[in-house]
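Taking the hints into account, I'd like the entire structure generated from these sequences.
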Amino acid sequence: MIQALIQPVAGLASSWIAGRAAKSKAKADLELAIIENKTRLALSETEANHEWEMSQLQDKDKWLRWFSYSMFTAPILVMVVAPEHGKRIFENLEYVPSWLIEIWIALNGAVWGLSSLKGVVPSVVGSIRKK
9 MIQALIQPVA
19 GLASSWIAGR
29 AAKSKAKADL
39 ELAIIENKTR
49 LALSETEANH
59 EWEMSQLQDK
69 DKWLRWFSYS
79 MFTAPILVMV
89 VAPEHGKRIF
99 ENLEYVPSWL
109 IEIWIALNGA
119 VWGLSSLKGV
129 VPSVVGSIRK
139 K
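Per my numbering: the sequence shown = residues 9 to 139.
Please note: incorrect hints may appear among the correct ones.
[To be verified] Simulated pairs of lysine to any residue, SDA-like, Cα-Cα distance not exceeding 20 Å: (1) K70 x P105; (2) K70 x A118; (3) K70 x A82; (4) K46 x A29; (5) K33 x L49; (6) K33 x E44; (7) K95 x F80; (8) K33 x Q15; (9) K33 x S23; (10) K70 x I42; (11) K70 x G19; (12) K95 x P105; (13) K70 x F80; (14) K70 x W112; (15) K31 x I43; (16) K31 x R48; (17) K95 x A118; (18) K35 x K46; (19) K31 x A21; (20) K33 x I14; (21) K35 x G19; (22) K35 x S23.
[Unchecked claim] Here are the simulated distance ranges between beta carbons: (23) A26 x E92: 37 to 47 Å; (24) N116 x L20: 41 to 51 Å; (25) I10 x S78: 13 to 23 Å; (26) M79 x W107: 35 to 45 Å; (27) R48 x S22: 37 to 47 Å; (28) V119 x I84: 16 to 26 Å; (29) Q15 x G117: 51 to 61 Å; (30) A12 x V88: 54 to 64 Å; (31) V89 x E44: 46 to 56 Å.
Source of the hints: derived by calculation from the structure; they are not laboratory data. Quick caveat, the model's predicted, so the values are computed rather than measured. Every residue gets a Cβ at the ideal spot worked out from N, C-alpha and C, and that includes glycine.
Next comes the structure, spelled out in structure tokens:
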């Protein structure tokens, strides 16, 4: 009778331990892959954007992406909840200088790592190095 109670508990415990071991191994494999990729990128002198790629491996800017996403989404949500206030938001954008809007768009592009910027950055870095 005691054995009938112990076997299910032991089975659950062994399943939990096996799950934790698999999770730890997956985490270690991911860390090893990141280290190997960093090493590959550091050794490659021909890749002009290796620093950008190395920083993307870490994904440090989650909070910055969340803030950027919120800035894009907030006016839309205001339009849904309070259309009269949302209308004022978009009307007031007419008074913002175009240079400020362009800088804001470029900053958000950098935060999100847009593919169009991935092609521009290496060419800019390459032209600076030539001078």
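Against the structure, the hints come out as follows:
| no. | hint | in the structure |
| --- | --- | --- |
| 1 | K70 x P105 | 29 Å, violated |
| 2 | K70 x A118 | 13 Å, holds |
| 3 | K70 x A82 | 18 Å, holds |
| 4 | K46 x A29 | 26 Å, violated |
| 5 | K33 x L49 | 24 Å, violated |
| 6 | K33 x E44 | 16 Å, holds |
| 7 | K95 x F80 | 15 Å, holds |
| 8 | K33 x Q15 | 27 Å, violated |
| 9 | K33 x S23 | 15 Å, holds |
| 10 | K70 x I42 | 18 Å, holds |
| 11 | K70 x G19 | 39 Å, violated |
| 12 | K95 x P105 | 19 Å, holds |
| 13 | K70 x F80 | 15 Å, holds |
| 14 | K70 x W112 | 18 Å, holds |
| 15 | K31 x I43 | 19 Å, holds |
| 16 | K31 x R48 | 26 Å, violated |
| 17 | K95 x A118 | 28 Å, violated |
| 18 | K35 x K46 | 17 Å, holds |
| 19 | K31 x A21 | 15 Å, holds |
| 20 | K33 x I14 | 28 Å, violated |
| 21 | K35 x G19 | 24 Å, violated |
| 22 | K35 x S23 | 18 Å, holds |
| 23 | A26 x E92: 37 to 47 Å | 58 Å, violated |
| 24 | N116 x L20: 41 to 51 Å | 48 Å, holds |
| 25 | I10 x S78: 13 to 23 Å | 57 Å, violated |
| 26 | M79 x W107: 35 to 45 Å | 18 Å, violated |
| 27 | R48 x S22: 37 to 47 Å | 39 Å, holds |
| 28 | V119 x I84: 16 to 26 Å | 18 Å, holds |
| 29 | Q15 x G117: 51 to 61 Å | 59 Å, holds |
| 30 | A12 x V88: 54 to 64 Å | 58 Å, holds |
| 31 | V89 x E44: 46 to 56 Å | 48 Å, holds |
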